[in-house]
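Visitor: As a plain string of letters, each chain reads:
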Amino acid sequence: MPKFDIPAEIVEQTQLAHGIFLLTVEAPAIQNSANPGQFCMLEVKYNNSRDPLLRRPLSIYKTQANGHISFLYKKVGKGTRLLSKRRPGEIVRVLGPLGQGFRLIHDRPCILVGGGLGIAPLLLPAERIKQSGKLVILIGAGNASEIPTIEDFSGLTRYFHVATEDGSLGQRGMVTDLLAQTLQEITGMAQIYTCGPWPMMKAVYHIARKKNIPCQVSLEATMACGIGLCLGCAVPKSDSREFLHVCKEGPVFDADQVNWEYTQ
Amino acid sequence: MPKFDIPAEIVEQTQLAHGIFLLTVEAPAIQNSANPGQFCMLEVKYNNSRDPLLRRPLSIYKTQANGHISFLYKKVGKGTRLLSKRRPGEIVRVLGPLGQGFRLIHDRPCILVGGGLGIAPLLLPAERIKQSGKLVILIGAGNASEIPTIEDFSGLTRYFHVATEDGSLGQRGMVTDLLAQTLQEITGMAQIYTCGPWPMMKAVYHIARKKNIPCQVSLEATMACGIGLCLGCAVPKSDSREFLHVCKEGPVFDADQVNWEYTQ
Amino acid sequence: MIHQNDQITKSPDLSIKIGSLVLKNPVLLASGTCGYGTELDGLLDLDQVGGIIVKGISIRPRPGTPPPRLVETPCGLLNSIGLENVGIESFLRDKLPWLRNVKTSLIVNILGNSVEEYSEIAKKLDGAEGVKAIEVNISCPNVKAGGIAFGTDPEAAANVTRAVKKATDLPVIIKLTPNVTDITKVARKVASAGADAVSLINTLLGMAIDIKSRRPALANVFGGLSGPAIKPIALRMVWQVVRAVDIPVIGIGGISTSDDALEFLMAGAKAVEIGTATLIRPSTAEDVPADIRDYMEANSIQNLEDLRLPE
Amino acid sequence: MIHQNDQITKSPDLSIKIGSLVLKNPVLLASGTCGYGTELDGLLDLDQVGGIIVKGISIRPRPGTPPPRLVETPCGLLNSIGLENVGIESFLRDKLPWLRNVKTSLIVNILGNSVEEYSEIAKKLDGAEGVKAIEVNISCPNVKAGGIAFGTDPEAAANVTRAVKKATDLPVIIKLTPNVTDITKVARKVASAGADAVSLINTLLGMAIDIKSRRPALANVFGGLSGPAIKPIALRMVWQVVRAVDIPVIGIGGISTSDDALEFLMAGAKAVEIGTATLIRPSTAEDVPADIRDYMEANSIQNLEDLRLPE
Ligand SMILES: Cc1cc2nc3c(=O)[nH]c(=O)nc-3n(C[C@H](O)[C@H](O)[C@H](O)COP(=O)(O)OP(=O)(O)OC[C@H]3O[C@@H](n4cnc5c(N)ncnc54)[C@H](O)[C@@H]3O)c2cc1C
Ligand SMILES: Cc1cc2nc3c(=O)[nH]c(=O)nc-3n(C[C@H](O)[C@H](O)[C@H](O)COP(=O)(O)OP(=O)(O)OC[C@H]3O[C@@H](n4cnc5c(N)ncnc54)[C@H](O)[C@@H]3O)c2cc1C
Ligand SMILES: Cc1cc2nc3c(=O)[nH]c(=O)nc-3n(C[C@H](O)[C@H](O)[C@H](O)COP(=O)(O)O)c2cc1C
Ligand SMILES: Cc1cc2nc3c(=O)[nH]c(=O)nc-3n(C[C@H](O)[C@H](O)[C@H](O)COP(=O)(O)O)c2cc1C
Ligand code: FES
Ligand code: FES
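Protein chains in written order, with numbering that gives the first Met the number 0: chain A, 0 to 263; chain B, 0 to 263; chain C, 0 to 310; chain D, 0 to 310.
Treat the hints as calculated values from the structure; they're not laboratory data.
No experiment lies behind these values; they were computed from the predicted model shown.
All C-beta atoms in this analysis are idealised placements derived from N, C-alpha and C, irrespective of residue type, glycine included.
It cannot be assumed that every hint is accurate.
[What the hints assert, rightly or not] Computed footprint of chain A on chain B; a stretch qualifies when at least three of its residues, placed anywhere within it, have a C-beta under 8 Å from a C-beta of chain A: (1) 20-31; (2) 44-52.
[Claimed, not checked] Have a look at the derived ranges for each label pair, beta carbon to beta carbon: (3) A:Gly76 x B:Ala64: 26 to 32 Å; (4) B:Ala143 x C:Asp290: 50 to 56 Å; (5) B:Ala179 x C:Arg99: 50 to 56 Å.
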């Protein structure tokens with residue numbers, strides 16, 4: 000699979016909600032070969048400074064035929080703070096598309112389960128699945144302001160549900176409540192795709208396993224290279240003392256492969 | 000002498016010529032207590048990056064009664080490049096006013112000799128001397144574009160002369176030629192103030208010494224703190240194995256104090 | 000007065016004891032980066048600082064090394080000041096009186112090229128009013144041993160420790176060099192030789208080349224590396240030494256924020272020193288203890304010891 | 000053909016020889032930061048690189064340490080990968096064939112927990128087509144000596160060197176650890192034990208604490224520090240070792256640009272390795288030799304040796 004390391008011009012940088020940004024860059028080569036669930040490594044250092052040293056991984060949120068790709072990200076630390084200061088016209092180096100995305104299954108209902116900004120890698124698969132079959136989208140968050148882009152999702156399917164912990168949007172509660180409800184209504188085979196905080200994905204996986212529904216998860220890990228050079232992005236496997244490498248074999252894995260009990 | 004470490008708002012950042020910038024910030028406390036020949040330490044790192052680590056020393060070029068101070072600087076490396084990217088409205092941390100400036104002598108003709116951007120610390124003394132006595136200003140540079148602000152100086156005195164090595168402005172030649180010519184015309188006592196590249200200042204000092212004219216020089220040295228904490232900004236003394244400290248005892252020294260023969 | 004609520008949150012206690020030395024908070028100014036205190040006047044309220052450790056003092060004044068003495072490196076600073084200082088006589092006469100008026104603990108950093116020199120300076124400081132402790136820089140060359148630094152030889156380090164302890168009743172902090180294979184060996188030796196505490200790390204030996212002038216960037220070729228770049232190495236060594244000795248450990252190396260300081264306190268350091276950061280932002284040593292206090296309040300931590308990570 | 004001008008500027012010669020190993024240019028990919036080469040396909044033209052040193056190989060596959068394995072530090076990277084690798088058998092079977100097709104010199108980095116393990120891997124590589132040299136990572140724990148790294152004990156380092164030299168006719172590069180008091184001691188020992196070259200530095204031992212989770216940031220507590228932060232230390236050690244041994248020295252540590260590489264070449268290194276920089280910008284090892292060539296042309300320097308500073 001081709002990868003590109005491109006000095007990409009910023010075409011849009013919008014703060015959507017407190018600390019949540021949408022960044023759009025012009026990177027036709029990456030846009031052209033991106034698959035749903037893939038990510039990029041973005042240079043966040045400013046000019047010729049060497050701190051922060053590493054690039055930051057961000058999922059490809061949206062692509063447009065004109066060569067634009069967008070990232071939906073949250074300002075959590077030094078790197079994303081610096082990134083959020085960059086303005087249209089400026090250049091950021093973007094390496095991508097990276098990793099193994101979602102393996103889309105078309106012969107059964109697909110359920111996308113996103114938690115908070117875990118929705119970022121789910122828009123592209125949602126758009127693809129929409130064209131081919133039955134799509135359920137379930138989104139959860141602490142409150143409505145954490146998911147400022149749900150309108151990108153809500154139009155894709157009739158089966159769209161939101162849960163917030165404070166009830167500020169949709170049902171009050173967890174996205175896993177929505178999943179349990181949904182699964183009660185689905186009789187035949189289904190397929191789950193999920194991304195969000197580790198405890199949420201773990202809970203989704205447990206629900207899925209009980210019902211014997213295959214589940215693909217998009218994982219996060221600290222990364223240095225994003226392309227399999229450093230072996231830094233390890234996550235324990237379920238069936239051995241070995242490790243999965245999020246940037247190369249992932250970020251999307253069959254949830255069965257992952258040792259969900261591991262905490263540092 | 001009071002010093003202040005101020006988050007100062009940028010009010011102007013203008014590129015005057017290729018690689019030469021005028022930066023104006025709002026720093027009333029510093030403006031209020033600045034003496035001619037003093038300098039500031041400016042934070043050049045961007046946001047919460049720690050590279051570049053150190054602040055950069057820049058002479059106070061201009062002050063305005065409204066609390067503005069201006070720096071005239073050249074983009075030579077990493078730090079000044081980053082500084083040149085900063086825009087009005089942004090904040091830079093400025094520590095100043097620092098060091099011992101020129102000791103202005105009012106009872107004799109004063110000759111200011113500036114080489115290239117070495118003119119930066121000379122505008123304030125020129126303005127002060129102008130009010131009290133006879134002022135000669137001699138400026139040298141490789142070519143005209145290296146000294147884009149000479150109009151700030153040219154109106155201060157009738158005795159204003161420029162030399163450029165390529166003849167693009169004023170007399171073709173060195174500023175030391177101008178100095179030699181000027182000294183032939185001056186009969187009584189005089190006082191020289193100079194700033195520029197080391198070889199130029201050394202030549203100025205040698206001319207001055209031959210004529211027994213006191214000479215104050217503004218020196219540069221790599222600095223970490225700018226306030227006498229680290230002892231890093233050493234320059235060898237003429238009369239002992241000891242060192243002058245540019246940030247504390249200088250940057251302005253009587254040229255006699257300096258060991259002009261020292262090169263690393 | 001009646002306490003209506005037993006759960007009244009007490010303000011965190013930031014004071015610490017290192018032997019007989021009591022510090023109002025655990026944040027000290029590191030030697031060589033705070034001059035003799037006066038230079039910071041107006042930019043840092045010394046009264047808010049846990050202590051000040053003045054520039055290393057030798058028996059006679061030292062002019063230091065020729066310039067260039069400084070090079071900036073990625074997130075670091077290389078220096079070869081050559082231990083320039085006014086000497087013990089001038090220190091006692093010209094610098095100490097001003098420092099006596101500051102309401103913080105004064106610690107004097109000392110250096111020598113022989114055990115005798117260390118001992119002699121310590122004796123002169125013993126009676127000096129206002130001096131609360133001695134920090135011994137053992138990164139200096141041992142002239143009698145061919146110039147190898149005292150601090151890289153556990154035996155030599157122990158000898159210096161014993162000599163200084165004998166020469167003074169003041170608390171003695173031995174400042175360790177990181178340029179060794181196993182810093183716990185030196186730490187153990189100086190601890191059993193009677194050190195009241197150890198502080199670490201001093202700078203790491205480094206160099207830079209100026210590719211334009213095609214010369215080493217420092218006139219002295221080698222210099223000491225400090226600043227954020229060295230923090231991971233410093234923290235590792237502090238972690239190791241805390242687990243190797245029973246005396247208090249003072250952490251030093253690349254600390255610029257309370258987050259950095261908290262890492263060292265969590266590793267088990269009793270106190271920390273701020274070096275290069277003061278050069279860049281003079282108020283750092285005032286901001287860090289204030290921010291540590293905020294952190295402790297926010298996390299309901301009452302005592303500094305409770306910051307230390309469980310084993 | 001008649002030369003009209005004797006002064007025709009020849010293109011600078013970037014090729015170098017390290018024992019019998021000839022490299023087209025002095026810029027190598029450092030072990031552990033370039034995978035097994037394939038991962039860089041399309042992002043770096045391996046044919047333009049002086050050589051590739053693949054991830055350290057052990058006798059059996061190693062799963063490595065649990066996550067977190069990485070922490071970013073100021074201008075640095077801490078890693079504890081735990082020497083995860085596919086093992087020598089899988090390397091020869093699955094990775095080597097692809098690497099044979101690359102037009103650059105392949106160097107295999109090896110590691111072991113005993114002298115015998117090193118020797119065994121070296122034997123297996125001796126006949127392997129396409130392998131041009133062996134780089135020996137001696138920063139590994141010597142299990143028989145209680146886990147102290149081979150590289151911190153000059154005698155143990157020499158033993159490994161002798162064993163590997165005996166096991167293979169390939170040029171042997173010993174990769175030194177910086178976590179020692181005097182790196183020249185180890186360098187001298189391995190040189191007299193027959194090493195064809197030394198490369199340095201491996202990572203510096205460091206750590207970080209996550210103050211939010213109140214735990215060491217690496218699951219393994221300690222990790223190796225690399226990146227621009229360590230360059231001044233690496234350069235100092237290279238400078239020292241160049242002046243201590245007669246065999247070629249390969250410089251490693253924080254090199255991200257041709258300016259960085261030139262510092263090492265000016266210090267006397269014959270070649271350099273690019274580590275962490277490749278993780279951040281995969282094309283670095285292609286850009287650096289091109290920029291070195293430009294520098295040499297601009298400064299009329301014909302041979303790499305002429306870059307070395309005069310003593
Ligand atoms: C494959 C992948 C896709 C991602 N997609 C998105 C996305 O679309 N939108 C979004 O907001 N975030 C996404 N993340 C998380 C994002 O990478 C981190 O929030 C970001 O790196 C934080 O950097 P920082 O400098 O602001 O934070 P700091 O905490 O200052 O970062 C310090 C170091 O930790 C790493 N780090 C911190 N948080 C994470 C994390 N959650 N995952 C991995 N590394 C982390 C950083 O990369 C950096 O190396 C993704 C992560 C991965 C691995
Ligand atoms: C008292 C004083 C006043 C000065 N006033 C002015 C001024 O008004 N206008 C102006 O253009 N320049 C002035 N300079 C020089 C200016 O400080 C340097 O050009 C600037 O620091 C270069 O930083 P850099 O990061 O762009 O260059 P780099 O070469 O990347 O800097 C690397 C390091 O070297 C130091 N350094 C580089 N050049 C010099 C130099 N000439 N003097 C001291 N340190 C240097 C930097 O501060 C930094 O620590 C002054 C210097 C001093 C000491
Ligand atoms: C310019 C400078 C001068 C120093 N002088 C001394 C000194 O005289 N004695 C000493 O023990 N340490 C000296 N040090 C070392 C510091 O006290 C401190 O141990 C080291 O810089 C690491 O801390 P930092 O990273 O916070 O700077 C000096 C450091 C610097 C940067
Ligand atoms: C993620 C990572 C993995 C590494 N793995 C190895 C290894 O397997 N064998 C080895 O000899 N060195 C290994 N190293 C050390 C590098 O080869 C190099 O010596 C070190 O990182 C310093 O160079 P740098 O600053 O350019 O990265 C590794 C370094 C990193 C960052
Ligand atoms: S981040 Fe380097 S291998 Fe995955
Ligand atoms: S720059 Fe620190 S003493 Fe002058």
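Visitor: Compare the structure with each hint and give your call.
Guide: Right, here's what the structure says about each hint:
For the stretch 20-31 of chain B, the assignment as covered by chain A is violated, since 0 residues bring a beta-carbon within under 8 Å of that chain's beta-carbons and 3 are needed. Using a Cβ-Cβ cut-off of 8 Å, 8 residues of the stretch 44-52 of chain B lie near chain A, which meets the minimum of three, so the contact claim holds. The hinted range of 26 to 32 Å is not satisfied by Gly76 of chain A and Ala64 of chain B, whose Cβ atoms lie roughly 43 Å apart. Roughly 51 Å separates the CB atoms of Ala143 of chain B and Asp290 of chain C, a value that falls within the hinted 50 to 56 Å.
Range check, Ala179 of chain B to Arg99 of chain C: about 54 Å between beta-carbon atoms, so the 50 to 56 Å window is met.
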